[in-house]
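Participant: Letter by letter, the chains look like this.
Protein chains: 2
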Amino acid sequence: MNTTKKDKGILLVVSGPSGAGKGTICAAIRKIFPKLNYSISMTTRAPRKGEVEGTSYFFRTNEEFEKLIKEDAFLEYARVYDHYYGTPKKYALDKIENGESVLLEIDIQGAMQVKQRYPQGVFVYVVPPSLDVLSARIHGRGTDSEEVIQKRLAKITDELAMAHKYDYIIVNDVLEDAVHKVCSILEAESCKLSRNEGQVEVIFNQYINKEVGSK
Amino acid sequence: MNTTKKDKGILLVVSGPSGAGKGTICAAIRKIFPKLNYSISMTTRAPRKGEVEGTSYFFRTNEEFEKLIKEDAFLEYARVYDHYYGTPKKYALDKIENGESVLLEIDIQGAMQVKQRYPQGVFVYVVPPSLDVLSARIHGRGTDSEEVIQKRLAKITDELAMAHKYDYIIVNDVLEDAVHKVCSILEAESCKLSRNEGQVEVIFNQYINKEVGSK
Numbered sequence: 001m002n003t004t005k006k007d008k009g010i011l012l013v014v015s016g017p018s019g020a021g022k023g024t025i026c027a028a029i030r031k032i033f034p035k036l037n038y039s040i041s042m043t044t045r046a047p048r049k050g051e052v053e054g055t056s057y058f059f060r061t062n063e064e065f066e067k068l069i070k071e072d073a074f075l076e077y078a079r080v081y082d083h084y085y086g087t088p089k090k091y092a093l094d095k096i097e098n099g100e101s102v103l104l105e106i107d108i109q110g111a112m113q114v115k116q117r118y119p120q121g122v123f124v125y126v127v128p129p130s131l132d133v134l135s136a137r138i139h140g141r142g143t144d145s146e147e148v149i150q151k152r153l154a155k156i157t158d159e160l161a162m163a164h165k166y167d168y169i170i171v172n173d174v175l176e177d178a179v180h181k182v183c184s185i186l187e188a189e190s191c192k193l194s195r196n197e198g199q200v201e202v203i204f205n206q207y208i209n210k211e212v213g214s215k
Numbered sequence: 001m002n003t004t005k006k007d008k009g010i011l012l013v014v015s016g017p018s019g020a021g022k023g024t025i026c027a028a029i030r031k032i033f034p035k036l037n038y039s040i041s042m043t044t045r046a047p048r049k050g051e052v053e054g055t056s057y058f059f060r061t062n063e064e065f066e067k068l069i070k071e072d073a074f075l076e077y078a079r080v081y082d083h084y085y086g087t088p089k090k091y092a093l094d095k096i097e098n099g100e101s102v103l104l105e106i107d108i109q110g111a112m113q114v115k116q117r118y119p120q121g122v123f124v125y126v127v128p129p130s131l132d133v134l135s136a137r138i139h140g141r142g143t144d145s146e147e148v149i150q151k152r153l154a155k156i157t158d159e160l161a162m163a164h165k166y167d168y169i170i171v172n173d174v175l176e177d178a179v180h181k182v183c184s185i186l187e188a189e190s191c192k193l194s195r196n197e198g199q200v201e202v203i204f205n206q207y208i209n210k211e212v213g214s215k
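Keeping their order, the protein sequence lines are chains C and L.
Note that UniProt numbering has the first sequence beginning at 1, numbered continuously upward.
Note that UniProt numbering has the second sequence beginning at 1, numbered continuously upward.
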């Protein structure tokens with residue numbers, strides 16, 4: 001019977017200002033680590049064309065969402081205009097408890113809530129190399145009105161001031177480099193002593209038993 | 001004029017029991033990062049055939065070495081039988097102050113001294129996958145007497161107990177995997193917020209100045 005303490009997985013939180021490129025980075029990470037679990041948001045807004053329940057989002061009614069808030073079922077949540085968006089706690093924490101890691105892509109406000117509720121997470125701040133690049137990226141999407149874009153850009157200095165609350169910072173200049181850095185962070189964190197106490201115990205016992213056995 | 005605080009380099013300490021494979025790992029790391037500085041030990045023993053001053057070791061007299069001990073010039077040192085061995089402090093700390101990283105391969109006793117004198121270092125513990133593998137590796141070298149080998153193997157449980165004082169642990173089962181993990185640790189550590197305060201300040205100022213300029 002194996003009574004050794006099982007080492008937990010990692011909650012890898014990739015965050016940053018809108019336009020920093022965190023979505024592109026996370027998509028690349030998921031291709032590199034297809035077995036890495038990906039946290040899916042829950043929302044009360046209606047599915048858009050092509051969106052799939054449980055893949056794009058978990059779609060819930062307002063009543064269902066508010067019931068879950070009362071049950072403290074979210075790592076973070078926010079109300080944006082008329083709709084709720086949140087990160088279900090159970091999915092991520094069950095995987096982590098089972099030794100699996102979970103990738104969570106999220107804005108800065110959300111990441112700060114996650115940090116309060118799960119400070120053991122690994123928090124990565126992705127920053128665009130310059131305001132010009134950021135502006136070009138947001139405009140290039142073509143999904144937001146000029147007013148929304150200006151609001152986003154105005155928020156950037158406040159958002160940069162939050163960087164010091166993170167564990168790691170990545171300047172997303174060359175995408176491949178940024179992706180490689182996130183992979184390195186995930187690999188390095190999995191070698192942390194604090195994340196391998198069960199593993200260390202197994203090795204330690206193996207040596208001690210052998211030593212006793214060889215006497 | 002650039003008055004921004006310059007970010008320091010990393011002291012990467014690769015340590016572990018004799019036979020763990022830290023020398024092989026460090027040799028591979030140096031090939032991958034040819035610009036990574038490598039800390040060279042100082043000793044009072046005579047050069048062996050083929051050893052080169054400043055490459056294999058810095059060779060010094062007993063008097064010179066003891067003078068340096070009094071000047072607190074070592075990150076660690078030890079007397080083994082009739083000779084001193086030590087890691088000069090100035091070389092490593094000058095490079096680190098200049099933003100460059102330094103690789104230091106060292107035994108566990110030495111690493112613990114380094115940790116006392118430079119706790120900001122990154123301490124990696126390399127452990128062999130089993131006592132059989134460790135024993136086979138030490139015997140395979142063919143450089144030590146059976147008595148020395150048995151002494152080394154007897155030390156192993158004490159040395160394993162020191163693992164929890166390190167930042168990272170790597171089980172050296174497949175060499176390529178172990179080398180890759182050390183590379184990831186070096187890369188991840190260089191993304192730590194605490195190691196990029198100067199860089200963050202530069203980015204922050206750039207955004208603030210642009211914002212002011214665009215008003």
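Hint data in this document are derived by calculation from the structure and do not stem from the laboratory.
Just to be clear, a hint being listed does not mean it is correct.
Pairs involving identical chains hold if they fit within one copy or between any two copies, as the list cannot separate such chains.
Unchecked claim - Each computed BS3-like pair below joins lysine-lysine, with the alpha-carbon atoms no more than 30 Å apart:
1) K70 to K31
2) K151 to K49
3) K95 to K165
4) K192 to K5
5) K5 to K70
6) K155 to K192
Participant: Hints first: check each against the structure and report whether it holds.
Facilitator: Hints, one by one, checked against the model:
no.: 1; hint: K70 to K31; result: neither (36 Å within a copy, 56 Å between copies)
no.: 2; hint: K151 to K49; result: within (27 Å within a copy, 70 Å between copies)
no.: 3; hint: K95 to K165; result: both (25 Å within a copy, 28 Å between copies)
no.: 4; hint: K192 to K5; result: both (16 Å within a copy, 29 Å between copies)
no.: 5; hint: K5 to K70; result: neither (32 Å within a copy, 46 Å between copies)
no.: 6; hint: K155 to K192; result: between (35 Å within a copy, 24 Å between copies)
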